[in-house]
Every structure is written in structure tokens, then in C-alpha cells.
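In case you want the letters, here they are:
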Amino acid sequence: MSFFEVVRFALRGLSANKLRSALTMLGILIGVAAVILLVAVGNGSAKAISDRIEALGTNTITVMSSGGGGGGSSTAKLTPEIADALIDPTLAPDVASVSPVVSSSATLTYEGTDHDVTSFVGTTAGWFTASNTPVGTGAGFTADDEAQARRVVVIGQTVAEELFPGVDPIDKQVTVSGALFTVVGVLKEKSSTGFQDSNDTAVAPLSAVREVLTGYGSINSILVEATDPGKVDAVQSEVTTILNQQLKVDATSGSTSTPYRIQNASQLLETQTETADTFTTLLGAVAAISLLVGGIGITNIMLVTVTERTREIGIRKALGAPRRVILTQFLIEATLLSVLGGALGVAAALIGSSFTIVGVKPVIVPSSVGLALGVSIAIGLFFGGLPASRAARLRPIDALRYE
Amino acid sequence: MSKPVLDVRELRKIYGTGEATVHALRGVSLTVERGDYVAIMGSSGSGKSTLMNILGALDVPTSGQYLLDGVDVSRLADRQLALARNRLIGFIFQAFNLIPRTSAVANVELPLAYAGVKPKERRRRAMAALDVVGLADRAKHEPNQLSGGQQQRVAVARALVTEPALLLADEPTGNLDSRSTDDVLEVFDQLSLAGRTIVIITHETEVGDRAKRLIRLVDGSIVLDRRQAPVLSAAGRHSL
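As they're listed, the protein sequences go chains A and B.
Numbering-wise (my numbering), the first sequence opens with residue 25 and increments by one.
Numbering-wise (my numbering), the second sequence opens with residue 3 and increments by one.
Simulated from the structure, these hints should not be mistaken for laboratory data.
Treat the hints with caution; some may be incorrect.
[Claimed, not checked] Calculated lysine to aspartate or glutamate pairs in the EDC-like style (CA-CA distance at most 16 Å, straight line): (1) A:K214 - A:D75; (2) B:K120 - A:E105; (3) A:K385 - A:D75; (4) B:K122 - A:E29; (5) B:K214 - B:D227; (6) A:K272 - A:E105.
Here the structure is a predicted model, which means the values were calculated and not measured.
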């Protein structure tokens, strides 16, 4: 009996029990699709977090004054002078640029339209590249603008849409706290995944902002850019040395109570990566469990299907079917069911992953597709083949009597 | 004289061990010549079903020799055994045992498929066999669309489609009403007239009376073996 004939037998066997075949495939489909989607959602959320952190720039550190409430330690006042001191080719050779930053909320007005900006940033020209915030249209302000305290502003996408719907905002004048600022550029749209809209911002020269908005007190932070992402740690220690000098901190008295804080983006990224790894492991465990449950479902259905057909196997043996032919037929049936069910499951997962699930855009992990498909096919074959081979080995009379 | 189709010597079958031992067959010897029509009768528990299963190569005896068409069946490996069941024996069950949700003609084709007959030839021979049992017009029906008698006649067609040396029927009318029983027995009569070798197991005297030879089994031993003139049914009462 040719292999082709056995395949036809298997197809006839499947089509003779359409409902059961469909339900078996549905079970496998759900098992495979659930595993793939679950891993994809986990992967997607991990990716979203790391994108958000990478957007901050990985070759910078941020110096901030440590907020009050530290056990009696004094809070340092960061000033532009301290920022200037950080530009020191001998003490800090790896520093590429230093941008002092002040920020406050402000209301922008244009032709009677008000818009509240959550962060109105005053800084120097170098900030745009250092903070990974490129200008989309128009231009950023220059070092000269900063030196002359010219009232120019670069606005974010959200601000541009709110104040200038359908109008080119370049060279328009907006009022900020009674002072007129000329819009010179619009920032390129940034991906905004947090609660805060990172496009709802405006950037102006430090000198102008201090003059108009914040006054000449301390500044909020200093953004220090390293010459190379690999030198961020070196920059951090150089900056620490200078700051300790400037703020007269005794470095030996213990570093836990310094009056300033340094935030290192690459450290943040590292921490995040570790977190994401833990997250992935957790999801892997959940996926493994769902794979196990799916596998048990497949096992169950296969066992029931073949056991139910033990009598049929007995009839076929009594009619002179060799064991090999019966085994091949049932193996092909099991293969078709698991492969078709698995493929449909992958298709369902691919379709499902194009939708946003609980606020996360799933990102398919190719290995999870292979794993889910492989495991369910292996289980289907094993638990379809094992009882079939047991039944095929029975004496026909025992298989016929089987109830 | 040609060799007998069936040659059984000192067949024993023992189930269980120790105190639960049951001697289903206690040394049965039997020969059946070509063209014979034998009815084996006995009450339930007489070992007739065990004998039938061994004759059909569905079960193996505990001891004894079984020559089927000159081949020692008790010494065959699984592969040859499958071949023997396919080529030498046509088995008819009490419970019909058609493959469910599969058309009558596909059921009849099944043994031919396992014998490696080409599909076209298979279909032709299956239809011819269905014609013999008078069900050519029901070829496309599935078992659950056929009456019990029709199902059993499909099973008879399936048993004879490979032209086996021996037709074995295990209580073929046990699940049928008297009218269907007549239909099926009519088929057996015709097959016997056509020269087929038939061994039939039954506990109904009506069935036993039709055979040329009657064997009575009690407690695993043959107590009666006699030739008789078969009672033929009134010809033409049921057309085939």
C-alpha cells in the first residue's frame, strides 16, 4: 500500500470526524497563539521602557541639587558658574559640552490663544544635541542668542499644534509672562510613552528665561555630555571631583550625603535592562506554564481520539491492515492536526499582535514562535502516535473488544 | 484430494492463571474441505466464539496447530498474519463492525486497499461485491443510514471482496430481526451454491439447519459433527 494511499486514508479519517478534528485544531491553535502573544506583549512592554530611556540620551549625565529632606545635609545651589567650572580641559578632559538648565511652567499666548507649557526650559545652545532633542523645522538658538539674552524660543510639537493650528509658527511672536518671544524653530516630534507629553515643551536661551521667568537664583540641573558613550563613567568621576571642589564637600566624609545628585543615563539603562531581563524570565515562566497547559489539552484530545478509535483499529487489523499502515495513518492524522492547528495559531498570534493590547504594542519574539509550534507539534505527534502504536500492537480481538 | 481449507489439531485455549483458569477450548480437532458450509452451534460459554476468533487469526491458541489453506497460522509473524487475514479470511462480525461515517462502498474497498489493489480496480470489485449482496444502489450510504440487515450485508460484501479461501461468520444474525436474518442467510446460501467455503457460528437452530454440516460444541469440546441436508428457503421469497 503506497504512502499516498495512507495519506488519503488519513485525510478521510479527519474529514469523517469534522467536529472533533476542528476542536482538536482549536485547542492547539489557542495553546500556540496564547504563548506567542503573551511573550510578544511582555517583549513589547520591555521594549517600550528601554526606548523611553534611550530617548534621554545615553552619553550624558545630569547633575541636580539633592532635594531637601536628606538627614541634615545642606542642599547645594547649582549656579551657571558651577556649570562653567565643569568645562575644564585639564580636570575634565572627557566632557564634550555642559548645559545648565532652568525649567518652569509657563503660559504662552498667541493672538488670544493661551497654552500652558509644563516645561519651559532655559538652557544653552549645546543642550539640543546633548539631550537628544533635535530641531525639526526652523533652527535652534545660537550661543550668541544666549549671550545677548535674545528672546527667541523653540517650541515642541504639541505647543505648535495648540497655538498655531494650520499656521507656520516660525517668526511668530508669543507672549510669555508679559515678554515677547520670537519662535525660531519647532522641535522634532519625540516618542511620548510616559504620562507626560514630552512634546509639550518650549526651549529658550538660559539668560532670557532667567530674566523673564525664573530670576537669577539657582538653576535646576546641569546636563553634561561625554565625548563618547563609553566615557560616561569617567565624566561622572571628573564632574564629581570638580563639584566637590566647588561646593567644598569633604569627599572623605562619606558620599551618601552629597548636596547634589548625579543621574547617569547609561546606569539607568543598565538597571532597566536588568529589570527587563527579570521581566522576560517571568514571562518565560508564564509562557512555559501556558505551553504546559496547552500541551496537556493536546495530550488529552489526542489520547481520547485514538482510544475512541481503538475499535476501528481492531476492525482494520481484522481486515488485514499491517501494523505499519495503521500507525502511519494515525501519525499522519496527528501531524496534520498539530501542524495545521499550530500554523493557524501562529497566524492568529500574528494578527493579534497588530493590535495594541492593554496599552502595549506586542513585539513578536521569533524564538517563541518556533518554541510554541515545536512543542505543540511534538506533543501532538507523541500523544497521537503513542496510543495509536499501542492499539496497533494489540491483538485484533482485544482491540475489537475495547470499549 | 486437495488439502483442506481448514485443518485444526488439538486446539486449546486457556484464559487466566491459577484458580481463575478457564479452559475455553479443550483440544478441538477439525477439518473443513473446500466448498463446505459448516455451522458451529453451542450455548454461550461453550467456547464457540473463542474457536471462531482463533480460526479468524484474531486470537492465538494456547496450544495446538492451525493450518489455514496449508499455512501454519500459529507460527506467523505480525506482517504475514496481516497478509493471511487479508487474503485468506473474510470475517463477518455479529456487531457488523463497519467503519463509522464511511460510505458502504468505501468500507467494502478497505480490504482491497490493504491488499494494494489499484483504486479503479478496487471500486469495480467493491461494486461487484455489493451487487452480490443486493446493495449496489446503497453504495454511497454511510452505515448509520442503513438498516441492520443492510449493514450486515455490506459486511458480507466486505468479507468476500478479496475472494478469500474461507468465509467466517460469528453470529452474523445475532443482532438482526427475522426478516433481515432471512436476507443475510439467503446471501450465505447463494455463496455456498457458488462454491464458497463458509464457517458460521450461531446458537439459532434456524441458521444451523441451513448448513451442510453441523458441529455442536459443549464446554470447549466437539460433541457432535454430522452431515445434513441443508434446508433451503423457498426460492424467490427474497430476491437478491
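Comparing the hints with the structure gives:
1. Only pairs whose Cα atoms come within 16 Å are accepted, and K214 (chain A) paired with D75 (chain A) is accepted, the gap being roughly 11 Å.
2. At most 16 Å may separate the alpha-carbon atoms for a hinted pair to count; K120 (chain B) and E105 (chain A) exceed this at roughly 98 Å.
3. Distance restraint check for K385 (chain A) and D75 (chain A): the Cα-Cα separation of roughly 13 Å lies within the 16 Å cut-off, and the hinted pair is therefore satisfied.
4. Restraint check: the Cα-Cα separation between K122 (chain B) and E29 (chain A) comes to about 13 Å, which is no more than 16 Å; the hinted pair holds.
5. Between K214 (chain B) and D227 (chain B) the alpha-carbon distance is near 11 Å, which keeps this suggested pair within the 16 Å criterion.
6. The straight-line distance between the Cα atoms of K272 (chain A) and E105 (chain A) is roughly 14 Å, inside the 16 Å bound, and the hint therefore holds.
Hint compliance for this structure: hint 2 is the single one not met.
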